[in-house]
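S.K.: Fit chain B to the known structure of chain A by using the hints.
Sequence order for the protein chains is A and B. Here our numbering is used: position 124 in the first sequence is 124, and no number is missing along the way. Here our numbering is used: position 176 in the second sequence is 303, and no number is missing along the way.
Don't read these hints as lab results, they were simulated from the structure. A virtual CB, placed ideally from N, CA and C, is assigned to each residue, including glycine. Just so you know, not all the hints are guaranteed correct.
With a cut-off of at most 25 Å between alpha-carbon atoms, the simulated DSS-like pairs for lysine-lysine come out as follows [what the hints assert, rightly or not]: (1) 129(B) to 120(A); (2) 129(B) to 337(B); (3) 337(B) to 97(A); (4) 355(B) to 312(B); (5) 97(A) to 355(B).
Over the 10 Å line for every Cβ pair with chain B, so calculated as not near, a few chain A residues [as the list claims (entries may be wrong)]: (6) 9; (7) 31; (8) 49; (9) 101; (10) 107; (11) 123.
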Amino acid sequence: MDRLLNVMTAFSVLLIASVLSSVRRAHIRVEYSVSWLIAGLVMLILSRWMAALDWVADLVGISQTGPAAAPLVLLMVTGTLFMIVLYRISLRISSLKDSNIALAQRLAILEFHLGSLNEKAKAPATD
Amino acid sequence: MKLLILIPAYNEENAVGSVIEEVRAVMGEVPILVVDDCSGDGTVRVARDAGARVLPLPHHLGLGGCVQAGYRLAFELGYDYVIRVDGDGQHDPRDIPAILDALRREDSEMVIGSRFANGSGQHSGFLRAAGINFFRAMLRPILGRPVRDPTSGFVGVNRTALALFSRSFPLEYPEIEALVVLQRKRFRFVEVPCRMRPRRAGRSSITAIKSLYYMAHVLLGVFVNVLKFEGRRK
Numbered sequence: 001m002d003r004l005l006n007v008m009t010a011f012s013v014l015l016i017a018s019v020l021s022s023v024r025r026a027h028i029r030v031e032y033s034v035s036w037l038i039a040g041l042v043m044l045i046l047s048r049w050m051a052a053l054d055w056v057a058d059l060v061g062i063s064q065t066g067p068a069a070a071p072l073v074l075l076m077v078t079g080t081l082f083m084i085v086l087y088r089i090s091l092r093i094s095s096l097k098d099s100n101i102a103l104a105q106r107l108a109i110l111e112f113h114l115g116s117l118n119e120k121a122k123a124p125a126t127d
Numbered sequence: 128m129k130l131l132i133l134i135p136a137y138n139e140e141n142a143v144g145s146v147i148e149e150v151r152a153v154m155g156e157v158p159i160l161v162v163d164d165c166s167g168d169g170t171v172r173v174a175r176d177a178g179a180r181v182l183p184l185p186h187h188l189g190l191g192g193c194v195q196a197g198y199r200l201a202f203e204l205g206y207d208y209v210i211r212v213d214g215d216g217q218h219d220p221r222d223i224p225a226i227l228d229a230l231r232r233e234d235s236e237m238v239i240g241s242r243f244a245n246g247s248g249q250h251s252g253f254l255r256a257a258g259i260n261f262f263r264a265m266l267r268p269i270l271g272r273p274v275r276d277p278t279s280g281f282v283g284v285n286r287t288a289l290a291l292f293s294r295s296f297p298l299e300y301p302e303i304e305a306l307v308v309l310q311r312k313r314f315r316f317v318e319v320p321c322r323m324r325p326r327r328a329g330r331s332s333i334t335a336i337k338s339l340y341y342m343a344h345v346l347l348g349v350f351v352n353v354l355k356f357e358g359r360r361k
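Same shape as in the complex, but just chain B:
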């Protein structure tokens, strides 16, 4: 069983080192790949000093392009499972074993670390809560089942989903669209309860002003992916 921990990072020199150390503390010597989205700070140096392999991108691709680069490399290197942990420290690496266990049960191609899977978890603000509720309601009929935390980036995939995402992955704001890409292939996903923490450093790339653009972009992306549905087949 080959497992890779994938950490996309952009200007996360103040957080990525401790994220790698925490992953090591939980998972031992499991390979860690930091995909650096052309950071302007010392993210690459800090990640290497902490013992991770680094895939530095030649220019800034955005989150989706960054994650997909990691998926492509992981697929070429023959990994069976890839678990994505954000480089800003929001995801608690102590939840990685639960995601891996769910992946290994082989009843789903993707596992989402969910803030709300067990009914708990708190939204970080009114707008974000409204946005998440809106996307939950929108995705329900498309996926044919509820998803509690569609914006979570704490995600594990098996090799089948890895093959798909290495070919086709949303390039901006990928989490919600990735669910629809998965559904297009009739792949399955499950959610496992996870803790979500405040960012260790830096600021979220989604500001209040960008939220409207985010909503419009994701809606259009979902719509386009729904148009690509290949018909119901098992």
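Just chain A, same shape as in the assembly:
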């Protein structure tokens, strides 16, 4: 179990470091880094603080399953956190896609109108 907890610790530290590095390089916006940082911190805390892990295991009712309870809880919490982050990202992507489509349509229509105006301006006067 210790090995699993150590792996989770290393993974969460790597996640936090990667997110902070991406924020510093402006590869990810600060508002979108918050969810990942929270997820990484929760994983880090739970992987190093057995009492907290036991408390969560007791809370969700799997503390009776023996020594497998702690890693099970950790994996469950990690999975839940990632699902929440991914759901938030899906919401954001959907909103951005809608905006993107509306913008692309608007741009095309404005270019169409501009082209029509240019054609009218170039056309010789009939009277």
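M.R.: Chain B in isolation, oriented as in the chain A frame:
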């Protein structure tokens, strides 16, 4: 009466020119707008050479986004009727007058050119036939009436439906969901018999593998639109 023929096209350089010529042969000098969904081939050039106006999109939006761009422009330009003809040559422009006549009778906001409206027409394969039958059965209780060809893209709309679709139009696989969008507003549709031909060139965007995704996507889209129903009102 202002009529626009709307042709959504994506990589249809081998077919769109003859589609425009056929429309011209049937409808004379009626305005034709080709909405090019960022084709990688010469669709824009061919369409312009054939005498159509072209609305080139800055990047690929998919069929729904492409058609809606055309509807938005048509609405801004004040068109009363828009008839959509696919750029792959499957729709026979000789059926356009029948769709226009049905639209002008003013008893419906949308007219569908249907392969099966008079009981004839052939499915192009077992899976497609099964899919169409499935959607017919699913739409029957939602629409409160039967629809024979729910996947047809040969569609005419009047200005009322144009206003609706320019604001709200399904962005992927739009035909079936558009019927439910229409029903949400208690708009009416009719089907008129039309001929459907094989594609002139290119391949359908719906492959066998994509069919399952298509079914799931459309089912979810219909479900979401049903949830948005505003209650029964005339």
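S.K.: None of the hints should be skipped; say for each whether it holds.
M.R.: Hint-by-hint comparison with the structure:
1. At roughly 20 Å between alpha-carbon atoms, residue 129(B) and residue 120(A) fall within 25 Å of each other, so this suggested pair holds.
2. Note on residue 129(B) and residue 337(B): the hinted pairing is violated, with a Cα-Cα distance of about 38 Å set against a maximum of 25 Å.
3. For the proposed pair residue 337(B) and residue 97(A), the alpha carbon gap of about 21 Å is at most 25 Å, so the pair holds.
4. Note on residue 355(B) and residue 312(B): the hinted pairing holds, with a Cα-Cα distance of about 10 Å set against a maximum of 25 Å.
5. For the proposed pair residue 97(A) and residue 355(B), the alpha carbon gap of about 21 Å is at most 25 Å, so the pair holds.
6. Against chain B, the non-interface label of residue 9(A) holds: every CB pair exceeds 10 Å, the least being about 39 Å.
7. Every beta carbon of chain B lies more than 10 Å from that of residue 31(A), the smallest distance being close to 25 Å; the non-interface claim holds.
8. Chain B leaves residue 49(A) outside its interface by the beta-carbon criterion, the shortest separation being 41 Å against a cut-off of 10 Å.
9. For residue 101(A), the non-interface assignment is contradicted: its Cβ lies about 5 Å from the closest Cβ of chain B, within the 10 Å cut-off.
10. A beta-carbon of chain B is positioned within 10 Å of the beta-carbon of residue 107(A); the least distance is around 6 Å.
11. Consistency note on residue 123(A): stated as away from chain B, and its beta-carbon is indeed over 10 Å from all of that chain's, at 15 Å minimum.
In this structure, the hints that do not hold are numbers 2, 9, 10, in rising order.
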